[in-house]
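Residue-level listing of the chains:
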Amino acid sequence: MSEDTILQVKNLRTTFHTSRGDVQAVRGVSFHVNKGEIVGLVGESGSGKSVTCMSMLRLVPDTAEVDKDSSVLFEGSDLTRIRGRQMRDIRGEKIAMIFQDPMSSLNPLIPVGKQVSEMIAIHHPEKSKEERKQETLSLFEAVRIPEPEKRYSSYPHEFSGGMRQRIMIAMALANHPDLLIADEPTTALDVTIQDQILKQLRGLRRDYQTSIIFITHDLGVVAELCDRVEVLYGGLIMEEARIDDLFDSPRHPYTLGLLSSIPSVTQDRTRRLKPIPGSPPDMTNPPRGCPFAPRCPYARRICAVALPEFTTIGAEHRSRCWLLDPEAPASNNPFRPESEGQTQEM
Amino acid sequence: MDSSTRIQHLLEVSNLTKYFDAGRGRKVHAVEHVSFAVDEGMTFGLVGESGCGKSSCARTIIRIYEPTEGTILFEGKDVSHLSQRILQPLRRDMQMIFQDPYASLNARMTVRDIIAEPLLAHHVVKKREEANEIVFRMLERVGLTREHANRYAHEFSGGQRQRVGIARALVLQPKLVICDEPISALDVSIQAQVVNLLREYQDESGIAYLFIAHDLSMVRYVSDAVGVMYLGELVETAETDELYRNPLHPYTRGLLNSIPVANPKLARQRNQSGIEGDIPSPIDPPAGCRFHTRCPYAKPICAEETPLLKNQGNGHLCACHLYD
Numbered sequence: 001m002s003e004d005t006i007l008q009v010k011n012l013r014t015t016f017h018t019s020r021g022d023v024q025a026v027r028g029v030s031f032h033v034n035k036g037e038i039v040g041l042v043g044e045s046g047s048g049k050s051v052t053c054m055s056m057l058r059l060v061p062d063t064a065e066v067d068k069d070s071s072v073l074f075e076g077s078d079l080t081r082i083r084g085r086q087m088r089d090i091r092g093e094k095i096a097m098i099f100q101d102p103m104s105s106l107n108p109l110i111p112v113g114k115q116v117s118e119m120i121a122i123h124h125p126e127k128s129k130e131e132r133k134q135e136t137l138s139l140f141e142a143v144r145i146p147e148p149e150k151r152y153s154s155y156p157h158e159f160s161g162g163m164r165q166r167i168m169i170a171m172a173l174a175n176h177p178d179l180l181i182a183d184e185p186t187t188a189l190d191v192t193i194q195d196q197i198l199k200q201l202r203g204l205r206r207d208y209q210t211s212i213i214f215i216t217h218d219l220g221v222v223a224e225l226c227d228r229v230e231v232l233y234g235g236l237i238m239e240e241a242r243i244d245d246l247f248d249s250p251r252h253p254y255t256l257g258l259l260s261s262i263p264s265v266t267q268d269r270t271r272r273l274k275p276i277p278g279s280p281p282d283m284t285n286p287p288r289g290c291p292f293a294p295r296c297p298y299a300r301r302i303c304a305v306a307l308p309e310f311t312t313i314g315a316e317h318r319s320r321c322w323l324l325d326p327e328a329p330a331s332n333n334p335f336r337p338e339s340e341g342q343t344q345e346m
Numbered sequence: 001m002d003s004s005t006r007i008q009h010l011l012e013v014s015n016l017t018k019y020f021d022a023g024r025g026r027k028v029h030a031v032e033h034v035s036f037a038v039d040e041g042m043t044f045g046l047v048g049e050s051g052c053g054k055s056s057c058a059r060t061i062i063r064i065y066e067p068t069e070g071t072i073l074f075e076g077k078d079v080s081h082l083s084q085r086i087l088q089p090l091r092r093d094m095q096m097i098f099q100d101p102y103a104s105l106n107a108r109m110t111v112r113d114i115i116a117e118p119l120l121a122h123h124v125v126k127k128r129e130e131a132n133e134i135v136f137r138m139l140e141r142v143g144l145t146r147e148h149a150n151r152y153a154h155e156f157s158g159g160q161r162q163r164v165g166i167a168r169a170l171v172l173q174p175k176l177v178i179c180d181e182p183i184s185a186l187d188v189s190i191q192a193q194v195v196n197l198l199r200e201y202q203d204e205s206g207i208a209y210l211f212i213a214h215d216l217s218m219v220r221y222v223s224d225a226v227g228v229m230y231l232g233e234l235v236e237t238a239e240t241d242e243l244y245r246n247p248l249h250p251y252t253r254g255l256l257n258s259i260p261v262a263n264p265k266l267a268r269q270r271n272q273s274g275i276e277g278d279i280p281s282p283i284d285p286p287a288g289c290r291f292h293t294r295c296p297y298a299k300p301i302c303a304e305e306t307p308l309l310k311n312q313g314n315g316h317l318c319a320c321h322l323y324d
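Sequences listed follow chains P and D, in order. With this note's numbering, the residue at position 148 of the first sequence is 148, and numbering never jumps. With this note's numbering, the residue at position 83 of the second sequence is 83, and numbering never jumps.
Incorrect hints may appear among the rest.
What the hints assert, rightly or not - Every beta carbon over 12 Å from chain P, so not counted as near; a handful from chain D, in silico:
| # | residue |
| --- | --- |
| 1 | K27 |
| 2 | D93 |
| 3 | S104 |
| 4 | H122 |
| 5 | K126 |
| 6 | E133 |
| 7 | F136 |
Unchecked claim - A short, non-exhaustive set of chain P residues, derived as facing chain D with CB atoms under 7 Å:
| # | residue |
| --- | --- |
| 8 | T15 |
| 9 | E158 |
| 10 | G162 |
| 11 | D190 |
| 12 | H217 |
| 13 | L219 |
| 14 | G220 |
| 15 | V221 |
| 16 | I243 |
| 17 | D244 |
| 18 | I262 |
| 19 | S264 |
| 20 | V265 |
| 21 | R269 |
| 22 | P275 |
| 23 | I276 |
Rather than coming from a laboratory, the hints here were simulated on the basis of the structure. A virtual CB, placed ideally from N, CA and C, is assigned to each residue, including glycine.
Construct all of the structure, not just a fragment, from the sequences and the given hints.
What follows is the structure, given as C-alpha cells:
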C-alpha cells in the first residue's frame with residue numbers, strides 16, 4: 001500500500017443466500033483508491049458495482065456473506081474485521097455515501113437543516129447547536145442551495161430532485177470525509193442538473209482533496225469526471241485503466257462493446273449502433289469461464305471453460321481476457337497489432 | 001383549414017394545449033400551443049427535461065388525456081374531439097410503447113395473450129387460437145422466440161419485456177407509434193438493441209415514430225427532425241443535423257452543453273457552460289419567455305413578451321427574442 005493509497009480492496013467476495021440459491025454478486029474484486037483521486041466503477045445492473053461498495057461499508061443485509069479472505073484496508077484498519085461500533089464511527093465521518101434516490105435517503109418528517117446538523121452532532125457531540133447550524137448553512141452555501149437560511153427549515157418534499165441530491169451531498173460532506181462513495185447519484189436527474197452536480201464533485205476534490213468512488217453505468221459521466229476506471233461485469237473487474245487509456249485503447253471486448261453501443265452527439269448519425277447481443281449472466285449460476293464469453297464476438301473455446309487472469313498492458317492498465325494471452329491467435333483478435341484497425345471499427 | 005391545398009402530414013399537431021386542474025382554481029400548464037408534424041416513415045424526436053410536458057403531449061395526442069385546446073390531425077382527419085367510440089378503429093393505426101416495461105405489461109397474462117390482445121380488440125382475429133401464428137411471427141420479428149409465448153412478463157429481463165411491449169404495439173401494423181422514453185429504463189448495452197430494432201422495423205415498413213426521450217444523443221441518433229420542449233412549450237424545432245450543428249435557442253445550447261461526452265480529451269477541452277438553476281413550476285410559469293429566469297442572455301423584453309416560434313431559415317424554427 002503506497003503512501004497515497006487511502007483504500008485498498010483485496011479479493012472482495014460477497015454472496016447472497018436466497019431461496020433460489022446463492023447469488024454470487026461479487027466474485028473477487030481488488031482495486032485501490034488514492035488520495036484525491038476519482039475512481040469510477042462502471043457496469044450494468046447486476047455487475048456487482050453497488051454490492052462492492054455496500055460490502056466495503058458493511059451495509060449489506062444479513063442474507064449476504066462477505067468471504068473471510070476479503071479485506072478492505074482503509075487508513076490502517078481492515079473494515080471487514082473491525083467491530084460494529086468502530087465501523088459506525090467511520091461511516092459518515094471518514095467515509096460518506098450518496099445514493100441514486102435522495103428522497104429515500106432523507107427523512108420526510110424532519111426539516112433538511114436539522115437532518116444535516118444531526119449528522120454533525122453524531123460524530124461531534126461537543127459542538128453546540130448554534131455551531132452546527134452555522135456549519136450546516138455554510139455547507140448549503142458550498143453545494144449552492146439558494147437562500148440557505150430560508151431552506152434550512154424546509155422539508156425534503158419542498159425540494160426538487162436536484163436540490164435534494166445537493167442536500168445529500170451537504171450531509172455527506174458534513175464531517176469532511178476522506179472518501180466519498182457516490183452510487184449513481186445523477187442517474188435520476190436531468191442532464192442540466194447532472195452537469196451541475198458533476199461540477200460540484202469536481203470542486204470537492206479540488207478544494208478538499210476528497211477521494212471519490214463514483215458508481216455509474218454512463219461512460220459519458222466517467223469521461224467527464226473520473227481519473228481511473230474499473231469496468232465490472234459478472235461480479236468481476238474485467239478491465240482497469242486510466243480514463244484516457246480506457247477510451248483510446250480499450251483492451252476488453254466488453255469495454256469495446258459498451259463503447260460502441262452508445263451514440264455520441266458528434267458521431268455520424270447514419271452509422272448503426274453495435275449493441276452487445278444477449279443479456280448479462282444469471283449470478284446464481286455464473287458461467288464457468290469468462291462471464292462475458294456467452295456474449296463475446298471473439299470468444300474461443302478456452303473462454304467458456306477457464307476464467308482468464310489479468311494481463312498487464314501498461315502502467316495502471318490491466319485486463320482480464322484470453323485474447324491478450326501471448327499464445328492467443330491473431331485472427332479474430334482485436335487486440336493484435338496486425339488487426340489494430342478493427343478495434344476502432346467495432 | 002383547406003386540407004386539399006396543403007401537404008398532408010401523417011400527424012399534424014397545431015396549437016395543442018393541455019392544462020391539468022391543480023385544485024384551488026390553479027392549473028398545471030403541461031402543454032401550451034405546441035405545433036409540429038410527423039410524416040410517413042419519419043421519426044420526430046421530442047426532447048426536454050422532466051416536467052417539460054413531452055409525455056403529456058404524447059398522451060394527449062393519443063387521447064389518453066383530452067386536449068384543452070388545439071387540433072390533432074391524423075391522416076388529415078381531426079381526431080382531437082372524436083368520441084372514444086369513433087376513435088377506437090383509428091387507434092389501430094396509432095400505437096404506443098411505454099417507458100416502464102415492468103408496469104405496462106399485465107402480470108397475469110402470458111406473452112401470447114398480451115400480443116394477441118390488440119388483434120382481438122380490433123377484430124383482426126375472432127378467436128385467440130387464430131392469433132397464434134401472428135403472435136409467433138411477431139415474437140420472432142422482435143428478437144424473441146415462439147417458445148417465449150407461454151411465459152409471463154416477470155420471467156423476462158427488462159430488455160426482453162420491452163421487446164414484448166414493442167411486439168404488442170407493432171402487431172396491428174400501425175402507421176404511427178408513439179415511443180414514450182422506450183429505452184430509459186434499460187441497460188446501456190440493451191438500449192442499442194432496442195433502438196436498432198425500432199430502426200430496422202421502420203426501414204422495412206415505413207412506419208413513423210414520435211420518439212420521446214431525455215437522452216439527446218439517442219434522440220439525435222434515431223430522429224429525422226427534433227423538437228425541444230421547455231416548461232410546456234416548443235422552443236425550437238429543426239431537422240436533426242441542423243438542430244445539433246446549429247442550435248439557436250439558449251436552452252437548446254445549454255442542454256447540449258450539459259451532455260457528458262464519452263471522450264475524456266473532448267471533455268477536458270470543453271469549457272462550455274450548462275444551465276444554472278432548476279426548472280420553474282408549471283403551475284405558475286414565468287411570464288414572457290419561460291426560460292428567461294435561467295437564460296444567460298435574457299433582456300428586459302424576455303420577461304414581458306412571449307417570443308413566437310419563427311422560421312430562422314432552412315425550416316429551423318426558434319422562439320427567442322435574440323433573433324428578433
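These are the hints, each one checked on the structure:
Chain P leaves K27 of chain D outside its interface by the beta-carbon criterion, the shortest separation being 20 Å against a cut-off of 12 Å. Residue-level check passed: D93 of chain D sits 28 Å from the nearest beta carbon of chain P, beyond 12 Å. No beta-carbon of chain P is positioned within 12 Å of the beta-carbon of S104 of chain D; the least distance is around 19 Å. For H122 of chain D, the shortest C-beta to C-beta distance to chain P comes to about 32 Å, beyond the 12 Å cut-off, and the non-interface label holds.
Here K126 of chain D stays apart from chain P, with its beta-carbon at least about 36 Å from theirs, past the 12 Å limit. The beta carbon of E133 of chain D is kept farther than 12 Å from every beta carbon of chain P, the shortest such distance being approximately 27 Å. Non-interface status of F136 of chain D relative to chain P is upheld: no Cβ of that chain comes within 12 Å, the nearest being about 21 Å off. About 22 Å separates the beta-carbon of T15 of chain P from the nearest beta-carbon of chain D, more than 7 Å, and the hint is not met.
Annotation: E158 of chain P was flagged as interfacial toward chain D, and the flag is violated, the nearest CB pair being 12 Å apart, outside 7 Å. Annotation: G162 of chain P was flagged as interfacial toward chain D, and the flag holds, the nearest CB pair being 6 Å apart, inside 7 Å. Because the closest C-beta pair between D190 of chain P and chain D is about 4 Å apart, less than 7 Å, the hint holds. A distance limit of 7 Å between C-beta atoms decides the matter here; for H217 of chain P the minimum to chain D is near 6 Å, and the interface restraint holds.
Hint on L219 of chain P holds. Least Cβ distance to chain D is approximately 5 Å, under the 7 Å limit. Interface hint status for G220 of chain P: upheld, as the beta-carbon distance to the closest one in chain D is roughly 3 Å, under 7 Å. The beta carbon of V221 of chain P is positioned within 7 Å of a beta carbon in chain D (closest approach about 5 Å), and the interface hint is therefore held. Hint on I243 of chain P holds. Least Cβ distance to chain D is approximately 4 Å, under the 7 Å limit.
A least Cβ separation of about 5 Å between D244 of chain P and chain D falls short of the 7 Å threshold, and the interface hint therefore holds. Annotation: interface hint on I262 of chain P holds; nearest CB of chain D at approximately 6 Å, less than 7 Å. A least Cβ separation of about 6 Å between S264 of chain P and chain D falls short of the 7 Å threshold, and the interface hint therefore holds. Residue-level restraint check for V265 of chain P holds (minimum Cβ-Cβ distance to chain D is 5 Å; threshold 7 Å).
Interface hint at R269 of chain P: satisfied, since its Cβ lies 6 Å from the closest Cβ of chain D, which is below the 7 Å cut-off. The closest approach between the C-beta of P275 of chain P and any C-beta of chain D is roughly 3 Å, which is under the 7 Å cut-off, so the hint is satisfied. With its C-beta approaching chain D no nearer than about 4 Å, I276 of chain P sits inside the 7 Å limit, and its interface hint holds.
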